[in-house]
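My request is simple: use the sequences and hints to build the entire structure.
Counted the way numbering that gives the first Met the number 0 counts, the sequence shown spans residues 0 to 240.
For lysine-lysine, the following DSSO-like pairs were computed, each having C-alpha atoms within a straight-line distance of at most 30 Å: (1) K222 / K20; (2) K125 / K142; (3) K142 / K185.
Because the hints were derived from the structure by calculation, they are not lab data.
Please read all numbers here as calculations on a predicted model, not as lab measurements.
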Amino acid sequence: MHYIFTLFLLLMSLPALADQKLVFATHTRPPLSLYLKEVIQEALSPYAITVEVIEMPGSRVIAEVNNGDVDGDLCRVENFIEISDDDTSNYLRVNEAMVLTEIVLITLANKSVIQPITWDSINRGKVAFQRGSKTIRMHVDTKNRVALSTSLQVLEMVANNRVDSAIMFDAVAKNLLDSSPELNKKLTIQKPAVTAFHLFAYLNKKHAGLVPKLEMSLKELKKNGFLEKTAAKYQVIPATL
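Written as structure tokens, this is what we have:
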């Protein structure tokens, strides 16, 4: 009852946002981006806000969100503002994680890898990844990086033996391999995951008043099981924070 009353007060304080559309940009791919869009849309539905998600290269996402041409960044790591090489002075983090994502190593199916899998062992060869990932660039030596525009191109580089391995989100890799029998036959996702971390939405600071409201909505979606149910639908891992 207390939650309902609080939500009512918050709704009353948002007349300017009624029937509004917010545009989020992202460099992530399905199924992760589809899951995140559904979660954000559900979290904003009490405020009569609809969500549009557009995909673009990672560096462009940052520029568009920071200058206010796009309302928000669909997902970034918790310390993104601190580690970004680009201007993020207008970024505001929504302090409620939406998903726990794993970064995995993909190699040719018949390739044996050094265990345990570490960034040091990965750096012994050429590594393909989707352009825009600051986290990966932090750990992969410059001389070993092969940055590409799409995740599909990344996997094709490995399949054609043009790089030693690839690094990407586990959910994205699984989705691409499931939809491509030829790649699925040639490649394998090595386990365990290289690393795992939570992802958060970010808004341009012009929407500062919406941040605490979105945080409250996300907390409620965790409590009522929406995150867990939706994560199962897209085969991703719901946030544990």
